[in-house]
Structure formats: structure tokens, C-alpha cells
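Visitor: Chain A is fixed; fit chain B with the ligand onto it per the hints.
If you read the protein sequences in the order shown, they are chains A and B.
Going left to right, the first sequence walks through residues 35 to 209 as my numbering numbers them.
Going left to right, the second sequence walks through residues 5 to 431 as my numbering numbers them.
Just so you know, these hints were derived from the structure itself, not from any lab.
Backbone N, C-alpha and C define an ideal beta-carbon position, used for all residues, glycine too.
Check each hint, because a few of them may be wrong.
[To be verified] To spell it out: a stretch of chain B is covered by chain A in this simulated footprint if at least three of its residues, at any positions, have a beta carbon under 8 angstroms from a beta carbon of chain A; those stretches are:
(1) 40–51
(2) 108–122
[To be verified] Straight-line Cα separation of at most 30 angstroms, DSS-like style, residue types lysine-lysine; simulated pairs:
(3) B:K161 <-> A:K207
(4) A:K147 <-> B:K346
(5) A:K70 <-> A:K85
(6) B:K76 <-> A:K85
(7) A:K59 <-> B:K271
(8) B:K403 <-> A:K66
(9) B:K346 <-> B:K328
(10) A:K66 <-> B:K328
(11) A:K78 <-> B:K403
(12) B:K346 <-> A:K66
(13) B:K271 <-> A:K147
(14) B:K294 <-> B:K271
(15) A:K78 <-> A:K66
If you want the building blocks of each chain, they are given just below.
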Amino acid sequence: MKTFGGSVLFLDRSDINTDEIIPAKYLTEITKEDLKPYILEDLKLPGFDPKGAKTREARVIVSRANFGCGSSREHAPWVFEVNDITAVVAESFARIFRQNMFNCGMAAIELPKEKIDRLFAYAGHPDSTMAVDVAGQTLTVRGGGKEETFSFEVSPFDKALVLAGGWVDYADKKY
Amino acid sequence: MGKTIAEKIFASHLVDEPFAGTHVLKLDAVLCHEITTPIAIADLMARGKDRVFDTTRIKAVIDHVTPSKDTKTATQAKILRDWARRHAIKDFFDVGHNGVCHALFPEKGFIRPGYTVIMGDSHTCTHGAFGAFAAGVGTTDLEVGILKGVCAFREPKTIRFNLHGTLPKGVYAKDVILFLIGQIGVNGATDRVMEFRGPVVEAMTMESRMTLCNMAIEAGGTSGICMPDQVTVDYLWPFIQNDYPSKDAALAEFRKWWSDDDAVYDKVLDFDLSTLEPIVTHGYKPDQVKTITEMAGTPVDQVYLGSCTNGRLEDLRIAAGILKGRTVAPTVRAILSPATPKIYQEALHEGLIEIFMDAGFCVTNPTCGACLGMSNGVLAEGEVCASTTNRNFMGRMGKGGMVHLMSPATSAATAIEGKMADPRKYL
Ligand code: SF4
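Bound conformation, chain A alone (with noise of 0.2 angstroms):
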């Protein structure tokens, strides 16, 4: 199992699109490491800058509502993929996109957005880390000298799809 955790990128929006994620011009490129470069190209958010440092260090992404919405295409998750982001803390997800990131073997966290608040409470601190432990069901939160624990709920089905690595290795021993 892959662990989840590291420094933290936080993108204050709602309805963060697949488009924003990955634009679909580089849907052509024919392997996941191709789209490396190319991760959040489109976003534009105030302060963040998606070839900085920050997006380059980071291994946790923290957002609002209805994250990863519109296209299907696994190529965002896959860019986070490339680009060392394991883990996806949001107060919700579009359905494709929450399914892909568990598809691939990587989270998809929702938090209710009194948590996901708090959360935002240390996007101020340049060092903020976080580690998401899926079995255990369990993140925390570190910058600044300070430090939470949320608890967060995730499907059975989702969690094993984390421990076996992804739906391939599920279902190809399954069905």
C-alpha cells in the first residue's frame, strides 16, 4: 500500500474541473509521464502558480466542493499520480473523479467543511504536512507548531480497492 502523506497544497475554490486539472490537449499524450509538466496548467486561484514549488513538493492536495467534476478522463488523477500526489482531501467529490483516484490505488477524502475549515486554518504556514493513514481512517495535520487528527469516513469497497492496489489487481483476482 502506498502511503499517503507529505507536504500540503491547498486550492481555495469549489468545483476544481478535470479541464483545470489536466486541459484536454494533452489528452494525447500516451503515457502518464508525459503529462507530468502539465498538472493544474489551467487553474487560476490567486497566489498559485502551477509550475512553483509548492506544486512540485507537494504530495497532498486539500480543497472544497465538488472536486475533480466534469470530464471523465483518469489522466488528472494520473498527473497527480506522476507528480507524487497520493491523496485528495476535499469536502466533496465528483463521482468519476473520487472513483478513478480509488481505481488507481490513491485517496479520495471527503471531510464535512467544519473539518475541511480547519484544514484551511493552516494553509498560512509554508511547512504544513499531512499524513492520511486509509486503513486506520485517520489524517493529521501539522504546520506551524501545530498539530489535529480528524477521523474521516471511507467505503469498505473504496478502502480495499486502496489495499489491493488499485480495481485492476481487485478484480482480476475476483471476477
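Guide: Relative to the frame of chain A, chain B with the ligand by itself:
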């Protein structure tokens, strides 16, 4: 306790329930295109599992960028083509026979009531128009679908939309779905099936129902779905006439899929659409909608008529009806992409293509093209497009471009005036 149509389809296709609330379903149709399938093919090959579960249930098309525009898109097309040949997939559609997936596959009679359908494409919800459960999935789900013929879903919780009244002149399925998305928001139906009911839906053609279901995903919906009725039977009859002794027999069979009267819904929403106006989007999200009255006069650089939402014959007829004897404003580039070769040909025979060309439209071959900003009408920074497509995300039709979604009628009126215009004055 009664069941919804989606629950009936789930129950009849259940292969496994590994956990409470997770339903692994047997698939009736696995649809493929050249953008999301090649990586699944490559992964299957890398795993030494280059197999398909059933060559007759897999359908494939090259549609997003076709004919290929460069080496990369040619390579994607080649991977899909070689794979289809290698596995003798009969229903594979290449240049000369290809069109936009969600218009082409229904036109071939591949989608039937009660089917489970997946595709690596978010607008797969279109096929729910036939009373099927049809969901867009990612490449991994597609890969498992190709290999094993199954896919996992959560409970099909359903929102029922009762659409009352009759649509006024100049108001179409596109206006209805834009209005509904505006009402419930871009995540108003996340993890939900959107069941469309009522006299407005009953009066719709299959084409209009496809337009309605096509945009379910823009409200986050898993699938749109309509009850399969006489309209469905009539549409499918050429493909099913050997399976049923009569149309009545087919209808009776289809009727079994209908949601029970005592089915339990997550939510039931009622709308009277008798006074609905033509609707247009104004922002970068499909739920940002206004009436054409509020938006009239907004200048546009390009008009695009096509896509899986509104590139069907019915759409072309409506637009041509408005354009006949009129011309496109000199400040506008107008582009028509008929969604399939059959639609293109019928439009030719009916004289519609001539009307479009006389008006000053550029007519392209059937392809997704400009809809996702890949070819045939990409916008420059700061340009505005009036479009019959389904997505207005920032940069969707080209970096820095703005897209306003609308019906074919509104787009035709807009083409004539060079700024957003009310189609009702041309009817
Ligand atoms: S026409 Fe547009 S929305 Fe439809 S399948 Fe093609 S790219 Fe997707």
C-alpha cells in the same frame, strides 16, 4: 416496496456485492474511443492480459480528433484501430464511418432499454435516454470492463424530475436541461441518477431525450434516464423487429423496466415548463444560466453547432429553419459539425447543408473537434463562442476562450446577428 428503473437494472445485472452498498454489475455494452482507451489497452498489454470479455459487446470509435491532426492523435487512433482488428471487434468505426460516440452508437441501435452501459467518457449518461443505466467511467473502470465485463457502482439513488406542461415555441430539450442544472447546481445530482418524467419528456423525440440525458453529468449525475415508451420502440424498431412479434410486444417488454409507482426516491422535484424561455450560460460553470432576454446583445466571435449534445438531425433541421434565406453576420465564424455520417448525409439529402453553406457556415466532417478544443474551431485568447455543446469550463474550446452554451435555435439566431439573439423572433 417498489423499485426505480435504475434499481431494477441493478438487480437484474448484479454479479457481486462485495460490501453493502457496492454493486458489481454485468455490462451489456462497453463503449470505447481513442482518447481514453489506448492507455487501458497499453496497461492490459503490459500485464500480459490483452484480452476482451466479449467482442460483440465492445463497440469502438475514433471520434475526438478525426481524421488525425498530428502524429500524437494518429498514434492514439492507431492503437485503438490495431486493437479492434486484433480482437476482431466488428463494431469499430473509423474514418468514413465515424462520428461522435454518443450520437453514433444509439443511431446503430446498440443501446436498449434495461442495458448497463459504460464508456471512458463523462457524457455516457446520454444513453439513459433509452431507459438504460449508462455511466461515464475512467480508464481503469474501462479496462476492467474490457477484460471482465463488469463495473462497480454505489446504490443508484435517484432524483425524479417531473417535468409538467408543454414547451413553448422556440424552447427545446437543451433549454430544459440548462434550466434544471441552473436550479440544482453543478453538484446537485452527484452520485444520483436523474430520472426524467412527465408530459414534457413523453412529448420528446429520442433525439431530444438524448440531449436531456447528455447533460446529467453537468449536474454531477451518474446517469440520466427516461422511461422506454412508444417513442423508444419506434426508434429502435428497425433493430429489434426480429426479436419481437409486434411493436406492442416490445412495448410490453420495455414497460417492465419502468419505475414502480411506489418506488422510493432520494428526492422528487416538480417543474412546470410551460413558460420556460430559451436559456444561455454566462460563466464558466454550466449552472450559471440566464434567459436569452437577459443575455441578448452579447457579441460572439464564433458559433459552433455540433457535438453529442446537439449535433443530430433534429438540431440541424431547427437551426436550418432559422438560417434559411439569411446569412451569418460578417463578424462571426460559424461552424457546423454534423455528429455522424448518417446525419450529414440525411442533412445533404434534405437540403439542409446547402442552407448552412448559403448562410456562410463552414461544414466539417463528423467529429468532437472544437467541443473540447482539440481541432476544427479552437478559440484564441479572449474570444467568445456561442456553442450547442455541453461544457463551458474556462479554456474548454481553447485557452483563454469563453463558451456560452445554448440550443441550436439560439445559436442560429446568434450567428445571424453576431451577438446573442432570441430565436423566437425567427420562428
Ligand atoms: S462532442 Fe464533446 S462532450 Fe461529446 S463526446 Fe465529444 S468531446 Fe465529449
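Visitor: Compare the structure with each hint and give your call.
Guide: Here's how the hints hold up against the structure:
Counting residues of the stretch 40–51 of chain B whose C-beta lies closer than 8 angstroms to any C-beta of chain A gives 6; at least three are required, and the coverage claim holds. For the stretch 108–122 of chain B, the assignment as covered by chain A is violated, since 0 residues bring a beta-carbon within under 8 angstroms of that chain's beta-carbons and 3 are needed. Pair hint B:K161 plus A:K207 holds up; C-alpha atoms about 29 angstroms apart against a cutoff of 30 angstroms. Distance check on the hinted pair: A:K147 and B:K346 sit about 49 angstroms apart at the alpha-carbon level, beyond 30 angstroms; violated.
For the suggested pair A:K70 and A:K85, the alpha carbons sit about 11 angstroms apart, so the restraint of at most 30 angstroms is met. Under the criterion of a C-alpha separation no larger than 30 angstroms, the hint pairing B:K76 with A:K85 is consistent with the structure, at around 24 angstroms. Distance hint between A:K59 and B:K271 is unfulfilled; the C-alpha atoms sit about 38 angstroms from each other, more than 30 angstroms. The hinted pair formed by B:K403 and A:K66 meets the criterion: a straight-line CA distance of about 22 angstroms does not exceed 30 angstroms.
About 22 angstroms separates the Cα atoms of B:K346 and B:K328, which keeps this hinted pair within 30 angstroms; it holds. At most 30 angstroms may separate the alpha-carbon atoms for a hinted pair to count; A:K66 and B:K328 exceed this at roughly 48 angstroms. For the given pair, A:K78 sits about 12 angstroms from B:K403 by alpha-carbon distance, which is consistent with the 30 angstroms threshold. Of the pairs offered as hints, the one joining B:K346 and A:K66 is violated, with about 36 angstroms between alpha carbons and a cut-off of 30 angstroms exceeded.
The suggested pairing of B:K271 with A:K147 holds, with an alpha-carbon distance near 23 angstroms, which does not exceed 30 angstroms. A distance of roughly 25 angstroms separates the Cα atoms of B:K294 and B:K271; the hinted pair therefore holds under the 30 angstroms criterion. With a CA separation close to 23 angstroms, the supplied pair A:K78 and A:K66 stays within the 30 angstroms bound.
Comparing the model with each numbered hint stated earlier shows that hints 2, 4, 7, 10 and 12 do not hold.
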